[in-house]
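> Below are the chains, spelled out letter by letter.
Protein chains: 6
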Amino acid sequence: MFRHTKQLAYKVRVDKPNPVFAKMLQQAIGGVEGEIRVCLQYLFQGWGNRGPDRYKDMLLNTGTEEIGHIEMLATAVALNLENAPSRLQEEVADGDGVVTAILGGEDPRHVLSAGLAAMPVDSNGNPFNGSWVVATGNLGSDMLANVHAEASGRLLATRLWEMTDDPGMKDMLSFLIARDTMHQNQWMAVLEEQKDMGLPVPPDFPSSQEKEEFAYEYFVHSDGEVPDDARWTSGSSVDSKGRFGVRQAEPMGDVPNLAPAESRPELHSTPIPAKGGVLRKAKDALTP
Amino acid sequence: MFRHTKQLAYKVRVDKPNPVFAKMLQQAIGGVEGEIRVCLQYLFQGWGNRGPDRYKDMLLNTGTEEIGHIEMLATAVALNLENAPSRLQEEVADGDGVVTAILGGEDPRHVLSAGLAAMPVDSNGNPFNGSWVVATGNLGSDMLANVHAEASGRLLATRLWEMTDDPGMKDMLSFLIARDTMHQNQWMAVLEEQKDMGLPVPPDFPSSQEKEEFAYEYFVHSDGEVPDDARWTSGSSVDSKGRFGVRQAEPMGDVPNLAPAESRPELHSTPIPAKGGVLRKAKDALTP
Amino acid sequence: MFRHTKQLAYKVRVDKPNPVFAKMLQQAIGGVEGEIRVCLQYLFQGWGNRGPDRYKDMLLNTGTEEIGHIEMLATAVALNLENAPSRLQEEVADGDGVVTAILGGEDPRHVLSAGLAAMPVDSNGNPFNGSWVVATGNLGSDMLANVHAEASGRLLATRLWEMTDDPGMKDMLSFLIARDTMHQNQWMAVLEEQKDMGLPVPPDFPSSQEKEEFAYEYFVHSDGEVPDDARWTSGSSVDSKGRFGVRQAEPMGDVPNLAPAESRPELHSTPIPAKGGVLRKAKDALTP
Amino acid sequence: MFRHTKQLAYKVRVDKPNPVFAKMLQQAIGGVEGEIRVCLQYLFQGWGNRGPDRYKDMLLNTGTEEIGHIEMLATAVALNLENAPSRLQEEVADGDGVVTAILGGEDPRHVLSAGLAAMPVDSNGNPFNGSWVVATGNLGSDMLANVHAEASGRLLATRLWEMTDDPGMKDMLSFLIARDTMHQNQWMAVLEEQKDMGLPVPPDFPSSQEKEEFAYEYFVHSDGEVPDDARWTSGSSVDSKGRFGVRQAEPMGDVPNLAPAESRPELHSTPIPAKGGVLRKAKDALTP
Amino acid sequence: MFRHTKQLAYKVRVDKPNPVFAKMLQQAIGGVEGEIRVCLQYLFQGWGNRGPDRYKDMLLNTGTEEIGHIEMLATAVALNLENAPSRLQEEVADGDGVVTAILGGEDPRHVLSAGLAAMPVDSNGNPFNGSWVVATGNLGSDMLANVHAEASGRLLATRLWEMTDDPGMKDMLSFLIARDTMHQNQWMAVLEEQKDMGLPVPPDFPSSQEKEEFAYEYFVHSDGEVPDDARWTSGSSVDSKGRFGVRQAEPMGDVPNLAPAESRPELHSTPIPAKGGVLRKAKDALTP
Amino acid sequence: MFRHTKQLAYKVRVDKPNPVFAKMLQQAIGGVEGEIRVCLQYLFQGWGNRGPDRYKDMLLNTGTEEIGHIEMLATAVALNLENAPSRLQEEVADGDGVVTAILGGEDPRHVLSAGLAAMPVDSNGNPFNGSWVVATGNLGSDMLANVHAEASGRLLATRLWEMTDDPGMKDMLSFLIARDTMHQNQWMAVLEEQKDMGLPVPPDFPSSQEKEEFAYEYFVHSDGEVPDDARWTSGSSVDSKGRFGVRQAEPMGDVPNLAPAESRPELHSTPIPAKGGVLRKAKDALTP
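Residue numbers (my numbering), protein chains in the order written: chain D, 1 to 288; chain C, 1 to 288; chain R, 1 to 288; chain W, 1 to 288; chain U, 1 to 288; chain G, 1 to 288.
In isolation and in its complexed conformation, chain D is listed as follows (with noise of 0.2 Å):
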């Protein structure tokens, strides 16, 4: 069960509101990089741990706090778009009949939608798509893809934050940005605590029932140098298992042989010679 406080997890203060910037913003509410994503990442994640409890509490308890970072970003946008302008500006035709009249960059469903308040979107109005939320129930898995949500979002914040001046929006995301550090500390902590976890995901697939020869080696399908000092084609594997090699790709398998479409005339597939009354009769002496 959840509750609400009213005031903010931080402060949040726009000194000159930019309804452009609002736009940006909206990247870090709804887009594949933002907080709805993780949001709804960790509590699924949380609610579908089958243990230990330690990492279902932790999932949730950060679940948690990503909603109320939702509702800062949210009150960052409605703050940056209250000058947003709801009109068309006046039009300039050049010589060439070429209309110059903008909205000022900002986002159209801002004023048309929304009423000046944010949305669930992305920076280009693509709504948030939950087949970004990463749960498989393999905890190591997931810990991967967490720490990669709190990677790509900590870059997204830099990111916004080189491109504004205000600054209000500049101590907001200084605050974000540190918590995206602790966040990606927080879930490498817990693939520290099981190392067995990890590499390669899932670690309990019984190694005689994988082609081993094939586990370790670099395959060459292009003609690109492989340098002599990559950590990646000689030595130890970095999961300690195997020895890293190389290999120049060349096909293992057969020219794929399917059944031909004539066999199965019901589908119109391939009418190749397309002779249908022969078709068609040969359907009939296959259906009774």
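To be clear, the hints were calculated from the coordinates, so they are not data collected in a lab.
Copies of the same chain look alike in the list, so a pair counts if it fits in one copy or across any two.
Restricting the straight-line Cα-Cα distance to at most 30 Å, the calculated cross-link-like pairs of lysine-lysine (DSS-like) are:
1) LYS16 - LYS170
2) LYS16 - LYS6
3) LYS241 - LYS195
4) LYS211 - LYS241
5) LYS6 - LYS170
6) LYS170 - LYS11
7) LYS170 - LYS211
8) LYS241 - LYS11
9) LYS211 - LYS16
10) LYS11 - LYS211
Start from chain D and add chains C, R, W, U and G according to the hints.
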């Protein structure tokens, strides 16, 4: 530029065609954990890579390998569909009028839309979506994405391996599982080569600009227990740049205060008190 | 800011796990009628609310309640999946080679992608989509959206209640049905408090600016009978601002007349008559 | 069956073409508040209606009217695009190398994909999505959906009306605003005719089967003030079937308890403690 | 403007309702090959048509016919659903605890969301998507799109016809198959009338501006055999403007050379060598 | 299996980087007319092809060529982004508080998400969608799809060519335009080789089973004029199997008659007359 060889990268054999397993295999083609995703992900990372070349080459090389994995799986789907039913079975109605006829649990579009072939969709028929492709220009972030992509891909492949008894399919999956082992190692090897790229991503944001006091604190938003012995609550942080601490979450911001809707009557947003005439007058006063 | 309590908002018990019912319950989590939608809808309405505070508080309060409903349903899905099959059943081929093996009618991704846990998708596996979240800044419009959201949510819950015989699931659904009763009443109560916000939404558009002669006419575009006694064809309008009438639809506009494609040769739009050279010359003449 | 008349339902005139306004108008065509949605919504409700006929007829009738509204708006978009630029303007780079060239703020696909015509997309270029169409078979629920759809549509139309100074466009929008007034009244009229269909929807779920003690309680999940005088906290409920009350939210359920992942080794879900051999043995023991 | 007639365009009769066939029929309503797509495609092509009028009229005329086909199919779905089960069947658990209960293979949303009626989705429950609607302003390109749309639609209809034994459904599909025959002919007839519009589309791009030396060469990127007798490897091209040839693919471009990430430190893209301080200094030097 | 060559298929040069043109080029990468679509379309058609081999080889061959076109365009986007602004420009507020700051009209995600590189999205930032890939198993239908795909792709390329003055970009587009010429010819050549596959598709449906009397009639649903001299209203049909005729559309079906909702009380569909008790009793009577 790319070239194609008619033989498959590895042998694909289906001993006992099963259209339900064909549907399951779609997850490994067009699903979020599937091969189209990793293929495009590595290729787009390579095409956008701005140095050093050794990583660009490697990304394009392995992205090219993955096209061949889509090819193998598409062939496996087509072979599994060779006996797929194309007609509704005889209906059997029980006393309550319940129709039990089914089309074998197969994906109906394998018959209706594809004529017994693979499609770029997942096991529920959801189409592949380009938003899943991660390529940020930041090599550290992208390598984390790639390690996770291969982890979730290998996890999927092991679950498919457990699901079937078909020797041919088990053999093919064993090969793919091995390649996912290599690729997890490969992306980790890059992170190991360039330790400075990692944790926290991006590594070059000046720590003086982030709220360092919150960068290593575990915020407690839940009444779940915080374990004494957790790696993420005390001791040196995983990135070795701070020490973990614990903080009961308390709001550090204010209650948000947005400009009232009345100041923007042209948006017809919140007519409270809904005295239309007054709002209209207000608007007339505000707009020349 | 938000906080989490480990206990569920209401008890969730599954007496007889059923993976098919788990799939059905997904509609109430990630479907268009589901809890993620209402949760985000109320929270975004609250975060964007520009007064009065009593409504903002209420929206955030009830949005927070809804997170706990997602939690309950996610738990119910996980419990229903506890005996979900993870292997294809023995195949049974009839004389026509029809494979009847099924995986119990369950969502294949419950096994393959989620490892027996809930996902933010609907009962067909379609991911939750942010475009479903309605938050316009107009409280009257949003309250209508909310009444509808709860109506369709309660309708879904009653259909799920009828579908199962599991006492635990029926009990949980009875609780959710009751909450949907309250929430329908709650949003209606706001409309009752602020009658001026309602009908027609938005209420502050000056009637002198709308084509009032068409504002209360039932246009007849069909040869279906227009009932004599219908509430919408005569008498005072529901908003008490006009009187209903009936009008046989006749076009009031002209046949549209667009500038011919020939005037924009650079778009290569409609080469009719397709005398390329002429078009090219026309273009050369038009562009300096 | 349907028939078409070449003249438009109402006159569409653009005095001063503006491709930016064309982009804005797309929201009213292919957006979630747009005409394709209401058109398909009323038609699908009508086609699926199982009585009485008076409502089926009315739904199909008004759905047919809405096709003509899509036609009007598509014409308006095409007319607004008649002077749309099709070339990048001369680039102007300032000292920081910032390119300010823009294509007039227009939707690039209006030129590239549509050749100066409307598309079934919204103002951000997101395609129309069939998931927005509500048709449940429950007339009360659907009427609420329809009232809301017309409310959000009229709100959008008034915002578009405020955005432009073009007399022709203002005239067309005034007509659409009037029709949205009628349609809001029309769907409300159905609810008034059949009061028993309303609040709470569906009305025929036996109250003895719902947890009545929670059906009229306002649950407090937030530390925001609960207003003394709110319509939703005391007095008779809006549906007249109960009395509103207030309850501080406390969990009524237990901490969820899911079966541990170890019992399903074939899912490779949570290898903790990750002693692969042990898990494998466990699996061998569990599966014959 | 549009009008509706209550009678269906053609008779729709279901002799033996079958909810699984209802699900299959959805592909013909909301699938990529379905009637909503062609309906909107022809209407949008007509609304955007910039001459000559004979084609605009024809497009709107046939687009209107297609609305009636959606109506027929929606009726067929509703009739097929009349005995759809709405409860989970008795569960049967085998020795491994496998639940075999299914809901008849039907679309769960036909019960849960639509109350036994059609929806604008495909046979997997994926919603109709506006991105499928092709309308480019180029009549030649659009006619090709339309011929294909009718070809895939007729293919789908014949597969549905083969799938069912219901005489009513076979009769209805026979009518739709005939109309698809006409429409394929109709769009081809336009191409025949205006031969200059065709091959290659668009026909008015000056051949002097295209790399003519590559316009009729079959590039060989595969080691598959190039047949001696293929129509596309020798002889006059189909458009009669060139002669086919064969060329072994060799790269004609260079290895791409992108500006290094280091020049844009504010993007935090690739910290290699990851000497943060240095990058920061570089940035400080670059930005005043 | 696939191999990669580091050199590009054709030279890609950008003389004057322009981030707005980078955004436009995205349409040719991830748009519905773009290269990812044709690439996957030809590959999936090839992988699913069930003979003859000459077509399978050709499809895989040309699909492989198209991967290289994605590569060229991705490189072109990256080069055009090399001077993309990454900061909001100085805001300029006019008297009405309108902010005119823009980020150059570029795609914000080119900076925020991709770090100055291409993405698998279209020019509005909509992600590539697998539902666009057509592969039906019917070669005739697929060749029509392919001719159209190349026609719309060439149309897009010519519009992009007209949009820019950059010599490098014009050169690259000229190459792609030439390849689209070849590919249109190539797919037409297949249709010419196998004339029996074409019109009407599929050709093997027995004409005796289709309603032949409607297979060559132009149905008139509009009051637009039917031209005397149209190819599609008289004379031999294009497929030479019938003679065109004209028919005023009249309904041939009945008014649909669905079973009333009352017979399925458990769906809570339409409570009219909403006498809950009665319905409940009815249900009790109907269900044992």
